[in-house]
Amino acid sequence: MTDFTYTILIPLVPLAVFIFVGLTGHKMKPIVSGLIGTAGLAFAAVLAYITAFNYFWIGHTAGTGYTSIKAFEISWLHLTEHLTIKLGSLIDPISVMMLVVITTVSLMVHIYSIGYMKGERGYHRFFAFLSLFSFSMLGLVLATNIFQMYIFWELVGVSSFLLIGFYYEKPSAVAASKKAFIVTRFADLGFLIGILMLSFNTNTFDFQTLVSPTGPAITQAGGAAFMGLSVLSWSLIFIFMGGAGKSAMFPLHIWLPDAMEGPTPVSALIHAATMVVAGVYLVARLFPVYALGAPDALHVVAWVGGISSLFAAVIACTQTDIKRVLAYSTMSQIGYMMLALGVSGFGGHEGLGFMASNFHLFTHAMFKALLFLGAGAVIHAVHSNDMSGMGNLRKYLPVTHATFLIACITIAGIPPLSGFFSKDEILVAAFEGNKALFFIEYAVAGLTAFYMFRLYYSIFWGKETHYHHTPHEAPLVMTIPLMILAFGSIFAGFLPFHNLVTSDGLPFETPTEWSIAIPSVLIALLGIGVATFMYRKVTGVPDKIAGAFSHLYKWSYHKFYMDEVYLFVTKKVIFNLISRPVAWFDRHVVDGTMNGIAGITQFASVKIKGFQSGRVQQYAFVFVTGAIALVLIFVYLW
Amino acid sequence: MTGTIPLMYFLVISTLMFFIGIYGFLTRRNLITMLMSIELILNSVNINFVAFNKYLYPQHLSGHFFSLIVIAVAAAEAAVAIAIIINIYRNFKSIDVDKVDQMRY
Amino acid sequence: MSITDFLTMRHEVLLTILAILILIIDLNLKKEQKHYIIPIVLCLFMVHVIIGFLPAEGGVLFGGMYKTSALTMMMKNILNVGVMIILFQSNGWLRKPDNQEKMSEYFILLFSTLIGMYFMISSGDFLMFYLGLELATIPMAALAAYTHHQSRSAEAGIKLILSSALSSGILLFGLSLIYGTTGSIYFDKIGEVFTNSPLQILAFIFFFTGMAFKISLVPFHLWTADVYEGSPVNVTSYFSVISKGAASFIFVIILFTVFHSISYLWKDIVYLIAVSTMTVGNLFAMRQKNMKRFLAFSSIAQAGFILLGILGGNVLGMTSVIYFVLVYIFSNLGAFGVVAAISAATGKESMDDYDGLYATNPKLSLLMTLSMFSLAGIPPVAGFFGKFFLFTAAASGGYYWLVFIAVLNATVSLYYYLLVVKAMFINKNETPLAHFKSDFLTRVGLVSCMLGIFVLGFWSQIYEIINSLSIGITF
Amino acid sequence: MNSELMFFILAGMILIFSVMTVTTRRILRAAVYLLFVLISTAGLYFMLNYNFLAAVQLTVYAGGIVVLIIFSILLTSHISERAVVAGWKQNLLSALSVVAGAALTLITMFNYTFTASSEPASGSSVKDVGTALVSYGDNGFALPFEVISILLLAAMIGAIIVARREKLKIEEKEIRREN
Amino acid sequence: MNILSLFVLIPVLTIVGILFTKDYKQTRVVSAIGMGIQLVLAGLLIYLYLAERNAGNTAAMLFTYDTVWFPTLNIHYSVGVDGISVAMIGLTAIVVFAGIFASWMVTFLSREFFISLILLSSGVFGFFISLDLFTMFLFYEVAVIPMYLLIGIWGSGPKEYSAMKLTLMLMAGSALILVGLLGIYFNSAPGGGQLTWNIQQIARIQIPIQMQRFLFPFTFIGFGILGALFPFHTWSPDGHASAPTAVSMLHAGVLMKLGGYGAFRVAMYLMPEAAQEQAWIFIILTSISVVYGAFGAIWQKDLKYINAYSSVSHCGLVLFAVLMMNQTAMNGAVIQMISHGLMTALFFALIGMIYGRTHTRMINEMGGLMKVMPFLGVAWVIGGLASLGLPGLSGFVAEMTVFVGAFQHTDVFHRTVTILATSSIVVTAVYILRVVGALLFGPIKDDHFLQLDDAKWYERFSTITLIVSIAAIGLAPLWLSDMIGSSLVPMVEKITGMSIAGLF
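Chains as they are written, first to last, in my numbering: chain A, 47 to 684; chain B, 21 to 125; chain C, 1287 to 1761; chain D, 1280 to 1458; chain E, 1460 to 1963.
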């Protein structure tokens, strides 16, 4: 057993960078703060690689399962006699995998940003926030207990808020950041309630205790039904609500497209590769509890994932903002991962979905980060997000073009690029788990290929467009990360995930199911073909098709009016129907009562002034009558 | 000499006189008549004291002396009151009680 | 008369001598020397006050008509201190040319009423009580009408003398019935034989209304405001503080010693009266603009609080009433002192004239504020302790709801006390009253109020002394 | 029999003149009716054998107070002046209140059995009265006697001070004109 | 000299010192020195307290000092602290200190201002150290009344109305308290013997249950009014809106805590049986407070109103937690008091500073201030994040403790209200972000904002003091939580130990 105590340094280094750059950044040259941030992350990345190497290979005896190791833990807050919030680091396959993913992507994004953010106001602020995010995200994956996860979960949310709202003078950015925060906050409420329920029933926050097949969660908390589901199921559904919020699952996804208001590297890091998969990570982290304790909750996960992936894929086909297309694509891909978890069982080959989900998470991080960074390079070059204003950029941006194409092929699932392998495992798992979902995923695979190549052709092919000033390839500091990630996208599929990251820690065999893989590849090729046909050259076909399916097109284009629904709920219901009446009630009823008491007193004071008429005889009359009344009362009536 | 007259007779007289005095005090507009009503009240009280003393507790002269003192006090009171009434007359040119209501509410 | 008897009666005897001395001195002073009378009287009265504090045993004289104890002496001393302060504060006003010629009469009348109060407090029977009451009232009417060229003063005088005559008539009627039903006018005797037959209750109620008139309890209070407003300021302060304090003392004593057998009944009456007094007093006080009238209604409300202590009905009640009156003397005299000083310097008595006073006369404003806080019962000034102990006394009798009503009333009273504070500190005024400096003696009076307001609360010794003296009086 | 008749005559006079005192509209007549009431009361005292008290009643009340009142009437009103009467409302309310009060009091009194003391009566001659007046023991009244003198002195001074007409200064006249 | 008495003595000495100052510059320096000493003393107290506890002293109250004041009524001047009071004293010292610096530029009648302010703080300190109900009540009122002058003279807007309303409502609250305290006193020896005002002694006996039923509502509502219990909270928005900066800070930051502190130190601790019986009424009211305050804040446009309503919500959570009656929730209540005290003080300080520059508090008239005053902007964001419960800042610690504690009840009623209260974290986020967005972000609405400057040194000083405290608690809550928790044990035992059957 290797000592992994040093893993706490992985999040702490970015934290130190954040504090240092945050407090002193405005005094240093911008580039210095960028370099400090990058250096910090590089250090963390190296540590993460060492950890991974140590965990998977050095400290591991071949053939045995991977165990989870609590490398470090301190008490942070005592709550009840059983419940204590602790902070620490937990090392197991998925956390190590996540460490690698996060540090890698984050490092790439840092490097990329040095070039991308050049000349922006608040350069140091950007890097400070990036470091803060990295710290939070790393803390999240290392969490030893669910409450620590929640803590970092919130921190991640706030970093995301800060980064989306980075261009705080832009009202749309501010609105987007608010929306992102509030929607995820709402989801976190579910998460919190779930935690409270789970911890109350199991008396622990600790992951190791929770997921243990003999632990209290699985053995004890199954009973006590409410509306047909056990308490455990309910709490897990609530917890999943938090995950769904963070991972932009339907219907809590609406913040994600808007979040593209943030700087593109941020989208790459947070809203593609890392933070949005936190939900997947969360479910994966509690997977044994889901799988063994509450299969009902797992069904919810599966269906939400499936619906989200289809839903997002349909919308992605019609969007024109390149980042939004990518955002919906992200949502769709995460749907895949959720679905995979949802259809998975526990242990051995049953846990194929679990493995596939994590596998896809890994590959997705690579190619989606690549896509975003590539999109960033495009935006950097043309200063616009709107693909209808782009075209034929391949000759101006050769490196970007090449890497982008690689990413597109990967996401479409064409072998032998990494996307193919991971997606194939998911489809197999779905096929074994739930046929309906399996067919949905086939459709999604086709749609994915279609919209990705629609995007690709619209940007790099299509019409010859005139730009204000000639687009030029991004500087080396930006293209190098693209190339590294492209490399990763191509080869990540060959990693032996079934040996490393499995539901029960034991390796199992996953032969490629060609009966499933071949149709899926064909479907993908079909999608690519349609996209090529429609968008490679400027044709009238897309408009015709749009016209033919005008309703579907319109609904899809308007994202199925989800934003409007939310707007209705927030503006109309909460703001106008709750908050405004509450404010009115407070002013006029509650406060009115208080003022009314004062008013009545004043009124009474004026009303009774007649007694003090200034006439002695009236005084005397009151006197005598008072005396007689007292006699009457106390002699005869008492 | 008083053997055949019950105590209650005296009390009835004094009570009636007392309330007549009060009535006068409440209804007479002239300050001096109000003062006279006061004298009626005090007089009725005196009758009470004296009658009780004579009929019930003749061993001491408490009621008798009480009456005596009340008479003296009434005199003092009347003196001061009349002085003030004269002052009122100078200030208000009237001794109508309802005119004396500068201060109210 | 032996020396012990003298010591027993020293308050009354000395003050009588003092009054007569003043008369004699006044006759021998030339017209332009008249103003020497003020320092002379002050010195003599100071001596009187000091002698009053000499320790002495209580005793019974004149066959039980005159009773005194350490407790009643303490009461008299409390009144003495208050009168002393009033005399200091009267200085500025007395020296005005209008009053030059009748300064000594002012003192004589004041002292005779004080003698009346002494006798009232020390009375052992209803005759002496009645006599003291009248002695404390009739010259007061003359004092109220003291400023003749002001019609308001005369109006105050006539309202007082007529109302008080009526009330004492009713009180006397009650006393006559008490005499008729018990056969005695002595407190001890009556206390032994008093029962709860209807006629006796009726007699008691008649007596009660007379006392209620004196302490200005609702609905027997209506004279108060008019008389307070019309009288000269210093007389008003004398009314509201000394006169009311003395009446409260004897009221408590009589209720506790004479009518203890029907305490169940008078507690109900007092409950009812207390609630209405506090409420009505407050409701009227809220609207007042004339400071004297304002303080009149405030003093009515304060009287309602005193009743709370009476309801306690034991050592605690007695102590709290006396202590409250002591505190009240200082607080109210502080307020009246400021009103008097301003009135003497500028002739202004309306609350509106006080707007922005802090800018020009910060010290007066400060004293006024402290007095207001003390009257309202806000710590750390003494009024808080006074009120708190009253409430404690009432609560000891289980009257929690009454305490609640009382404290709510105290809150309402805080409203109007704060109005004064607001006028002085917050309200803007283009032409605030000009800065002025009061004469030395007035300032002594004001400063002593300030000291009293601060010291009395924290100095628990005083409360303990009163408490130890009160122990003898209970039933 | 004789004394009873006497009593009823006096009682009748007292009541009738009392009512007349408070109802007549001529103020001077009211004073005279009051005088009759006071004199009749003195008659009652005589009947009860309290001669000294009766004498005091006659001298102080009838001789002193009523005369004072009459003087003040002469000072402040014209003889022929008729008093203004109060409104019917005031009269009615006052009457109601007073009748209720009287009724209550009388009913209460009638329901009470007065028990006379069995102790022997003391004399009420002028000598007895004088002795009691200066004795300072039990049931002696020296103290009230002394105190009443202070009261009378104070009342005198008070009356003088209130009634004394001062030379009005010019400014005071102005004040009055403003009023 | 007992160290606790110094907490009352130093403000008094400071006031005396201020009396001798010549102008506002001297005044504020003297005030700052005085309150600085107070702050150091508070730090020392915390240190001494922890040291004493570590040394194994398990007495309920430490540093006690007791002297008879009014022997007849058994009134004592009795002081002592446990972990809770120590924490509250620390809070007070910090807020007062920050408040002095936030009012650095008060030049109008500055002597009077600082005297009133420090008098108020002495009342608060006195309240927290008191073990005797009488002195506690005395200090309580001392703390309340200077408010009138502070708002009335140095306030803004409808200040006279607000000042009067605030004072009267709080005094009405103290009316209720007074009845409660007197009732407690007269029932403090049900078996005969000496009556007492001493909290610790009363806690040893059981007040007769029928008296508890009568007295508990008085006491609890009385303190609840100061703790902004629905529907008696309406003094708070108006009062805070009109009050000058430092006063809002002190009032929301510290004074409202007197309510929460009193509610459980007096009402619940001494009358546990009635508390058990009647808790449900107040739980409903407080959960309304929590949600209602948050929703109320959404609609407001005036910064101070927003913060006032947010205080209603947060203070509602304090009382809510107290009523949950278990160790964890009550611990959370105390932490929430401290946390809210610091946060809200920070907010009010910032509002004052922003208002001093922009001369408006309407959020729709402002925008983009982050650009012109980054320091204040960042401070605001930090405060906002603390308020909406971001981990690493104090609000999170408090809220989580409360929620976990509240969740220990298994019945439907408690569950429902707990979830209701928990949902406030979302609503809080809504209004906090709304303000942040409207105020700091977006384009600059008014050109003259461009000329505005950032915080001055004293403003930074004030702000940083508070932020550091917030972060310190947020990052390392364990010592605080344990300090409070260990002191809570006897109280919770008393409150829950004799539970009445049939409660839910």
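Take these hints with a grain of salt, some might be off.
Claimed, not checked - Here are some of the chain C residues that sit facing chain E, going by a computed Cβ distance under 10 Å:
id, residue
1, F1292
2, L1293
3, T1605
4, Y1644
5, P1665
6, P1666
7, F1670
8, F1674
9, F1677
10, T1678
11, A1680
12, G1684
13, F1690
14, A1692
15, V1693
16, E1750
Think of the hints as simulated: they come from the structure by calculation, not from any bench.
Every residue gets a Cβ at the ideal spot worked out from N, C-alpha and C, and that includes glycine.
Interface hint for T1605(C), Cβ within 10 Å of any Cβ on chain E: Holds. Min distance 7 Å.
Chain E contact restraint for Y1644(C) - C-beta distance below 10 Å: This interface hint holds because 8 Å falls under the 10 Å limit.
Hinted contact T1678(C) with chain E - closest CB pair below 10 Å: holds (6 Å)
Hint check, A1692(C) versus chain E [nearest Cβ-Cβ separation less than 10 Å]: With a minimum Cβ separation of about 8 Å from chain E (threshold 10 Å), the hint on A1692(C) holds.
Residue hint V1693(C), partner chain E, criterion CB-CB below 10 Å: Where the cut-off is 10 Å and the nearest Cβ of chain E is about 3 Å from V1693(C), the hint holds.
Proposed interface contact between F1677(C) and chain E, which counts if any beta carbon pair is under 10 Å: This interface hint holds because 6 Å falls under the 10 Å limit.
Cut-off 10 Å, beta-carbon criterion: hint that A1680(C) touches chain E: Hint on A1680(C): holds, closest Cβ of chain E at ~8 Å, below 10 Å.
Closest C-beta approach of F1690(C) to chain E relative to 10 Å, hint status: holds (5 Å)
Closest C-beta approach of P1666(C) to chain E relative to 10 Å, hint status: holds (6 Å)
Status of the hint placing F1292(C) at chain E (closest C-beta pair under 10 Å): Hint violated; F1292(C) Cβ to chain E Cβ min 33 Å, cut 10 Å.
Evaluation of the interface hint that places P1665(C) against chain E, nearest CB under 10 Å: holds (5 Å)
Chain E contact restraint for G1684(C) - C-beta distance below 10 Å: G1684(C) check passes; min Cβ-Cβ to chain E is 8 Å, inside 10 Å.
Of the hints listed earlier, those the structure fails to meet are numbers 1, 2, in rising order.
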